[in-house]
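Asks: Given next are the chains, with one letter for each unit.
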Amino acid sequence: MSIAIVVADLPPAKSVRVIGGAEGIVVLDVDGATIACARDTGEVVAGPSAWTPVAPVSETDVDGVRLAVGAGVVRRGRAVALPLEAGAKAVVVPGIGALAIEKGETSLGGAALVPVVVGRAGKLGVLETLPVWVINDATSYDLDESISWDLVVEPTARVVAIVTLRRASWLTFEAVAQLVATDEDCEVDVVVARAPRRALAELDMFELTRDFWHRDAPGDVAASLVTPEVATRLKRMRELDVCADLDEDTIELLAVTLSANHKLGGSPPVIAGTIVAAHLKGTDRGDIVFGPSAPVQAAGRTDLRSFATQLEDFVFVTLSPDTRAAIEKEELLYLDPPAPPLPSADPSALATTIAALAGIDAGALETLADGDHVELRLTLDAANAVLEALPFRF
Amino acid sequence: MAKKAEGRGTRKPGDAERLAALHAVGLFTELSTESLPAKRSKEVDALADAIDARADEIRSATLYRAIQDIPPGLGVERVLVPAGRSHVRITSGEHEGIYCPRTHHEHAELVNVALSTIGDERRLVALKVRDWEEPLFLLASAEQRRVAREAGIEDPWADKTLPAPIPMRQHLAQLAQQLASKLPKGCPSPRVDESAIAVELTKRHATELVELLYVERYRTASREARFARELP
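For the record, the sequence lines run as chains L and G.
Under the numbering used here, the residue at position 115 of the first sequence is numbered 444, and the numbers go up by one with no gaps.
Under the numbering used here, the residue at position 150 of the second sequence is numbered 139, and the numbers go up by one with no gaps.
One or more of the hints may lead you astray.
Stated by the list, open to error - For lysine to any residue, the following SDA-like pairs were computed, each having C-alpha atoms within a straight-line distance of at most 20 Å:
id, chain 1, residue 1, chain 2, residue 2
1, G, Lys192, L, Ala698
2, G, Lys171, L, Pro720
3, G, Lys192, L, Asp701
4, G, Lys192, L, Ser677
5, G, Lys192, L, Asp699
6, L, Lys418, L, Leu437
7, L, Lys343, L, Thr493
Claimed, not checked - Chain G stretches covered by chain L per the calculated footprint, using a threshold of three residues with CB under 8 Å from any CB of chain L:
id, stretch
8, 154 to 163
9, 167 to 174
10, 189 to 198
I should point out that these hints are in silico values taken from the structure, not numbers from a laboratory.
Note that the coordinates shown come from a computational prediction; the quantities given were computed from them, not determined experimentally.
No residue lacks a Cβ here, since even glycine has one placed at the ideal position from N, Cα and C.
All chains, full assembly: derive it from the sequences and hints.
Replies: The following block contains the structure:
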């Protein structure tokens, strides 16, 4: 399979923008002048008599599935199909899907841009890297990260353009559609197509081979698990105003993973993608943190996108006591005991925390304070529970 | 002539009567005389063998293939409780104490003590089996036990010895030793008295202990989650 990346054959410029299109023509603003380029070769052509200004496209319908680019995500319906990491950009390709360009690494550890295509369903298609010359001004095999770039859909010319201050290149909708339709991992010949620089050449072309592979979309996992029970639970959580600061996709994932746990028949927190909601007293910053290796230290971290792609992570949600009680009553979420208090001199608080973490009644632990020391008195059952709850030490 | 008639391929007179007696007390009604194996040897009791072989199908009797833990549903949990990985505790009655059962039969005896303690007349009875490593226990009323014994399906060689109780202080000392190996480094060794283990913690040790418990809880959850994800 081969696809073309078309380069606009522009003179040296300080400012390049895609401003519109006509059939077979991409219209650019280059240092204030309007220049038309052939869609398939990039060569400068005579301006069309009429062209349509570029209009932003934020969503599209692909065979009944709504694809949309929102804040930090590409969505299929309500599910997150692709969380966008920092530095990634995505656009909707009308009638076809979505194209994102993520930051990545070359096999040698250099910076790279990685195109990812999102179809109406199924896995995401990943093209190894975008050729660096799309962005770079100087010849280098590593991406010049200091050059800003943007991704623009021009629906009339039917291209997705990668635009920097000094250049513009694009993939046609057909090329994107070809990638979306490819469901096997394969090699792709990326044909660079640009206007002739030499007199004898009809088109200055060269080929680069890029691997193309597929990866799971988190939204697919979610979509496969959304059941009426999940929908009911989700609705109830919204009614309770749980996780008011979380976006809908995250709340949906909470419900979905809890449902997965339910399906597996495990007792909490055995969850396919464990979700643990905890009442973090005293944590008034981000409502989500994730672990699991050091939940206490992680309390300051917030990263929804990591959560969305790593379902086994833990989620902590700050809840009011009333909401917590409602959730417990209706078993909407598995609620973990409160996070450990920061070092406290209060022996009864310590006993409560230890008892909660060891899964025993607080009454099974006695504490006696003696100056800087606290003495824990463990009855047989409490000692067994604490012993079981502590890790082996090697 | 009579001896010839009882030879290979015939059923020993009495199987039908034994089975009928068991049926009369509601046991093993799934089995019929016709379903008993005709081929018999001196070592194998056809009726006991059929019960052993078809134990999984039998619904008319409560059978346990092995007793490695406290069987749920008996109601004995009130007086027979786990006390660590290999110990159980009888919390009241004549045999109150901590025990470390090492065999299925010792477990069964402890369950029987617990049944007795809660006033339940039923008992676990070890049945004859082909493989002594795969014991089979029948939960039976006094009448059912009598019939099972007379029908010859009870294992006469089963060990009915109650394991010796472990003194509380001795058990706590063992636990304290294990606990010491898991407490934060630098913690003084736990002390033991008649009824409890005392752990002395500085503020730093208390914090470390909470952190250890907290992180381990999540590690466990994470392991379980991964395991669950890997299930077919």
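Asks: Which of the listed hints are not met by the structure?
Replies: 6
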